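K.L.:
Protein sequences appear in the order of chains A and B. Position one of the first sequence corresponds to residue 13 (our numbering), numbered consecutively onward. Position one of the second sequence corresponds to residue 13 (our numbering), numbered consecutively onward.
Because the hints were derived from the structure by calculation, they are not lab data. Keep in mind that this is a model prediction, so the values were computed, not measured. One or more hints might be untrue.
Here are the simulated lysine-lysine pairs, BS3-like style, with alpha carbons at most 27 angstroms apart [said to hold, decoys possible]: (1) B/K237 x A/K292; (2) B/K241 x A/K267; (3) A/K282 x B/K241; (4) A/K267 x A/K292; (5) A/K237 x B/K292; (6) B/K292 x A/K150; (7) A/K102 x A/K17; (8) A/K282 x B/K292; (9) B/K146 x A/K292; (10) B/K292 x A/K146.
Away from chain A, derived, C-beta distances all over 12 angstroms, residues of chain B [to be verified]: (11) M13; (12) K14; (13) R67; (14) S69; (15) F74; (16) W93; (17) G112; (18) V124; (19) I159; (20) P164; (21) E169; (22) S179; (23) M242; (24) K282.
Derived, one-sided and incomplete: chain B residues facing chain A with beta-carbon distance under 8 angstroms [what the hints assert, rightly or not]: (25) H88; (26) L91; (27) A138; (28) S142; (29) K146; (30) G182; (31) M213; (32) L260; (33) F261; (34) L268; (35) R269; (36) E281.
Beta carbons: idealized from backbone N, C-alpha and C, even for Gly.
2 protein chains.
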Amino acid sequence: MKLEKNTKILIVGVGLIGASYAQALTEKGFEVCGLDPNAENIDYCIQNSWLADGRSSIDGDFISQFDLIVFALYPHTLLEWIKENQKYIKSGALLTDTTGLKRCVVYDMQEVLREDLEFIGAHPMAGRESSGVKFADKNIFKGANYIVTPTPANTQEAIEACKQLGSILGFGNITTLTPEKHDQMIAFLSQLTHCIAVSLMTCRDNENLASFSGDSFRDLTRIAKINEKMWSELFTLNRDRLLEQMDLFINQFNKLRRYIAEGDRESMEKMMIESTHQRKIFDLGKDA
Amino acid sequence: MKLEKNTKILIVGVGLIGASYAQALTEKGFEVCGLDPNAENIDYCIQNSWLADGRSSIDGDFISQFDLIVFALYPHTLLEWIKENQKYIKSGALLTDTTGLKRCVVYDMQEVLREDLEFIGAHPMAGRESSGVKFADKNIFKGANYIVTPTPANTQEAIEACKQLGSILGFGNITTLTPEKHDQMIAFLSQLTHCIAVSLMTCRDNENLASFSGDSFRDLTRIAKINEKMWSELFTLNRDRLLEQMDLFINQFNKLRRYIAEGDRESMEKMMIESTHQRKIFDLGKDA
Numbered sequence: 013m014k015l016e017k018n019t020k021i022l023i024v025g026v027g028l029i030g031a032s033y034a035q036a037l038t039e040k041g042f043e044v045c046g047l048d049p050n051a052e053n054i055d056y057c058i059q060n061s062w063l064a065d066g067r068s069s070i071d072g073d074f075i076s077q078f079d080l081i082v083f084a085l086y087p088h089t090l091l092e093w094i095k096e097n098q099k100y101i102k103s104g105a106l107l108t109d110t111t112g113l114k115r116c117v118v119y120d121m122q123e124v125l126r127e128d129l130e131f132i133g134a135h136p137m138a139g140r141e142s143s144g145v146k147f148a149d150k151n152i153f154k155g156a157n158y159i160v161t162p163t164p165a166n167t168q169e170a171i172e173a174c175k176q177l178g179s180i181l182g183f184g185n186i187t188t189l190t191p192e193k194h195d196q197m198i199a200f201l202s203q204l205t206h207c208i209a210v211s212l213m214t215c216r217d218n219e220n221l222a223s224f225s226g227d228s229f230r231d232l233t234r235i236a237k238i239n240e241k242m243w244s245e246l247f248t249l250n251r252d253r254l255l256e257q258m259d260l261f262i263n264q265f266n267k268l269r270r271y272i273a274e275g276d277r278e279s280m281e282k283m284m285i286e287s288t289h290q291r292k293i294f295d296l297g298k299d300a
Numbered sequence: 013m014k015l016e017k018n019t020k021i022l023i024v025g026v027g028l029i030g031a032s033y034a035q036a037l038t039e040k041g042f043e044v045c046g047l048d049p050n051a052e053n054i055d056y057c058i059q060n061s062w063l064a065d066g067r068s069s070i071d072g073d074f075i076s077q078f079d080l081i082v083f084a085l086y087p088h089t090l091l092e093w094i095k096e097n098q099k100y101i102k103s104g105a106l107l108t109d110t111t112g113l114k115r116c117v118v119y120d121m122q123e124v125l126r127e128d129l130e131f132i133g134a135h136p137m138a139g140r141e142s143s144g145v146k147f148a149d150k151n152i153f154k155g156a157n158y159i160v161t162p163t164p165a166n167t168q169e170a171i172e173a174c175k176q177l178g179s180i181l182g183f184g185n186i187t188t189l190t191p192e193k194h195d196q197m198i199a200f201l202s203q204l205t206h207c208i209a210v211s212l213m214t215c216r217d218n219e220n221l222a223s224f225s226g227d228s229f230r231d232l233t234r235i236a237k238i239n240e241k242m243w244s245e246l247f248t249l250n251r252d253r254l255l256e257q258m259d260l261f262i263n264q265f266n267k268l269r270r271y272i273a274e275g276d277r278e279s280m281e282k283m284m285i286e287s288t289h290q291r292k293i294f295d296l297g298k299d300a
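Work the whole structure out from these sequences, hints included.
P.N.:
Right under this line is the structure:
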């Protein structure tokens, strides 16, 4: 399929990400509806004209209208939802998600799914410090990264449609990765960084820190305000990869600690030169 | 002393911080001159009207004019400078610095200083990713923290004058700490965060990271571009305190690693709730 103006889209789970999808897609001219057990979320989006219609409980006739369904749910609820409700979905519909991990979602989904439906995983790398529909904002996608995670079970057509979705949403950079490579990358880039921020923010009594800090502490702990339900689930579901990345970091941190303890300035400087170099490459990648 | 419009100010070391001082103080109506072995730094500041005059080599008559001298030098060069050149300084002058560590500077300075001069330590908590006079900008002080670090050898008058300097420069929050407490705080808030950023940026081969990262990795590694000469010196000079803070962090990080390895979601969530709470307090402190 290809996303056309008459493609009807359903967002399942209208929280921060789901509602931001709804806003972006509605403003691009699509007919977007929502499904969320919390009726206030649906009402809020309809009042803002981000959704054309919505339901707060399962309604087979309603669900059967849509060509594209986007799941913006916690990982563990996604599979249950499909098992119970896929019977309502229109034949030929394309399904995708917004989950921050892919191995634990993609294969199970593709395993249980009806043969006339297709699921393709995607990870919109956007978010905010605060969760919930009230913080929804289509601008969080601007220039951000969108990762499509196809498996051998996916058709080229679905991969292209999913990339097209990322592009319509306004993402700046759309790439594909296998679910395995995705989860390893995310363990490093996102989960490890949250582990660091949480550890740093809680490792001592913090008295009047704000009066004495420069930008660095603020930068490193911005993500220490964290949704504990979601992140403890993400950490648990990606445990193997996350532990690997945590160990890479600990080893490097301990190496630097040893140089400092030994007063080995030459080795410290080498590591800092490497770090400066790596960060410059990172900046170039972003601009490219 | 109190800073008046006729207080003549000398900046020794016209790099990023020194030149930003010069710019801010000149624009506030003070007569500011500079001393820097690099004549280009002096010329650049004079061309920008940030300095009224300057020298690139020691000139006793020149140095003897100033009521307030600000040293914006590497820690190890400051003491040498004073030993060799304090003979030129006007009796009654007040001396201060911008060094990022205080124990290693303040006591030695006060020890060798002539009795008719007074040195009071200060740490302007502002900087940029890039160093050098070309990046100077008085706006880096806006809203930032300025820490005065008096010892029992300091007069109340000097403490007030130093605070006044911070205020004139535009700092948002001016506090005092003992040199000991300062160095411990800085070990945590600034040195540890740089150790984390350098370790994170160098702990693995980074291929195409930018295409897959959200904001968190970018935030945590912004300070991974680092002046290796300065920071390896700062780490070495504050080794005892820095190692303590690194160990606090490692312990907490390892605790979180254990929770993840054991799938102990309850303990993970507790730590995240604490981290969210601490970071909210930090934000309040900043607004206050």
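K.L.:
Which constraints among the numbered hints does this structure fail? Numbers only, ascending.
P.N.:
8, 17, 19, 23, 24, 25, 26, 28, 29, 30
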